[in-house]
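Enquirer: The C-terminal position of the sequence shown is numbered 189 in full-length UniProt numbering, with every residue numbered one higher than the one before it.
Think of the hints as simulated: they come from the structure by calculation, not from any bench. For every residue, glycine included, the Cβ atom is placed at its ideal position computed from N, Cα and C. Accuracy of the hints is not assured; some may be wrong.
Stated by the list, open to error - Straight-line distance between alpha carbons at most 30 angstroms, and here's what the computed BS3-like set of lysine-lysine pairs gives:
hint: 1; residue 1: Lys35; residue 2: Lys109
hint: 2; residue 1: Lys35; residue 2: Lys8
hint: 3; residue 1: Lys4; residue 2: Lys35
hint: 4; residue 1: Lys131; residue 2: Lys35
As the list claims (entries may be wrong) - Simulated restraints, written as ranges between beta carbons of each label pair:
hint: 5; residue 1: Gly40; residue 2: Lys109; range: 16 to 22 angstroms
hint: 6; residue 1: Pro83; residue 2: Glu50; range: 22 to 28 angstroms
hint: 7; residue 1: Gly106; residue 2: Pro37; range: 27 to 33 angstroms
hint: 8; residue 1: Asp3; residue 2: Gly40; range: 30 to 36 angstroms
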Amino acid sequence: MSDKEYPKPSLTADVVTFSLDDEGRVSVLLIQRGKDPFAGRWAIPGGFCEPSETVRESAARELLEETGIQDLPMVELGVFSRPGRDPRGWVVSVAHVAILPADRRGEAKGGDDARAAKFFSIGLDERGRVKLTADGEEAGPLAFDHDEMLARAIARLEASSDMLGPMLFGQPMSGEEAQRAVETALSRG
Numbered sequence: 001m002s003d004k005e006y007p008k009p010s011l012t013a014d015v016v017t018f019s020l021d022d023e024g025r026v027s028v029l030l031i032q033r034g035k036d037p038f039a040g041r042w043a044i045p046g047g048f049c050e051p052s053e054t055v056r057e058s059a060a061r062e063l064l065e066e067t068g069i070q071d072l073p074m075v076e077l078g079v080f081s082r083p084g085r086d087p088r089g090w091v092v093s094v095a096h097v098a099i100l101p102a103d104r105r106g107e108a109k110g111g112d113d114a115r116a117a118k119f120f121s122i123g124l125d126e127r128g129r130v131k132l133t134a135d136g137e138e139a140g141p142l143a144f145d146h147d148e149m150l151a152r153a154i155a156r157l158e159a160s161s162d163m164l165g166p167m168l169f170g171q172p173m174s175g176e177e178a179q180r181a182v183e184t185a186l187s188r189g
């Protein structure tokens, strides 16, 4: 074993939380950052892991602290580790996907270092790029690499509609019905 010291990254956990809005469109829960970097920008809820927690426990804690949402099943989305993704240093994030039943959307409230928590409907602009809107406001580019994280989560939702669709829509359905429902809900934006 070598005595060489290796640089160590910081570890974060993020949670892309989908729900349905009042018009049946897929929406995503975002927080408005209260501190730098990216103060005032919208971001996916998440934060730094504590040494005494698993990554999943950190994800659940951060979701609760920043949005007031708790007790959601999560599936791991992937690891985001591009150098420079966080201006504070070498930060690696493990992202998760969760589905919040529509009747629990009112629980979302900004807390901790989040100025606000809000659901943004997911649609496409005229060029086919993801567009996030809420109450006439566009989210704009998300903080960090969260646009990439959201794109991967949307792809996971589409690819896993047979599993995630029933959770999103709150009713049993066949894989084909779930696929059509997710495609319709994503195309309404």
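Enquirer: Now, for every hint given, state plainly whether the structure supports it.
Expert: Checked hints:
1. The suggested pairing of Lys35 with Lys109 holds, with an alpha-carbon distance near 17 angstroms, which does not exceed 30 angstroms.
2. Of the supplied pair hints, the one linking Lys35 and Lys8 holds, its CA atoms being roughly 24 angstroms apart against a limit of 30 angstroms.
3. A C-alpha spacing of about 35 angstroms is found between Lys4 and Lys35, which places the hinted pair above 30 angstroms, so the restraint is violated.
4. For the proposed pair Lys131 and Lys35, the alpha carbon gap of about 24 angstroms is at most 30 angstroms, so the pair holds.
5. One distance hint, 16 to 22 angstroms for the beta-carbon pair Gly40 and Lys109, holds here, with the actual separation near 18 angstroms.
6. Taken as a hint, the range 22 to 28 angstroms holds for the pair Pro83 and Glu50, whose Cβ atoms sit roughly 24 angstroms apart.
7. For Gly106 and Pro37, the hinted distance range of 27 to 33 angstroms is satisfied, since their beta carbons lie about 30 angstroms from each other.
8. With their beta carbons about 45 angstroms apart, Asp3 and Gly40 fall outside the hinted range of 30 to 36 angstroms.
The structure does not agree with the numbered hints 3, 8 stated previously, though it agrees with the rest.
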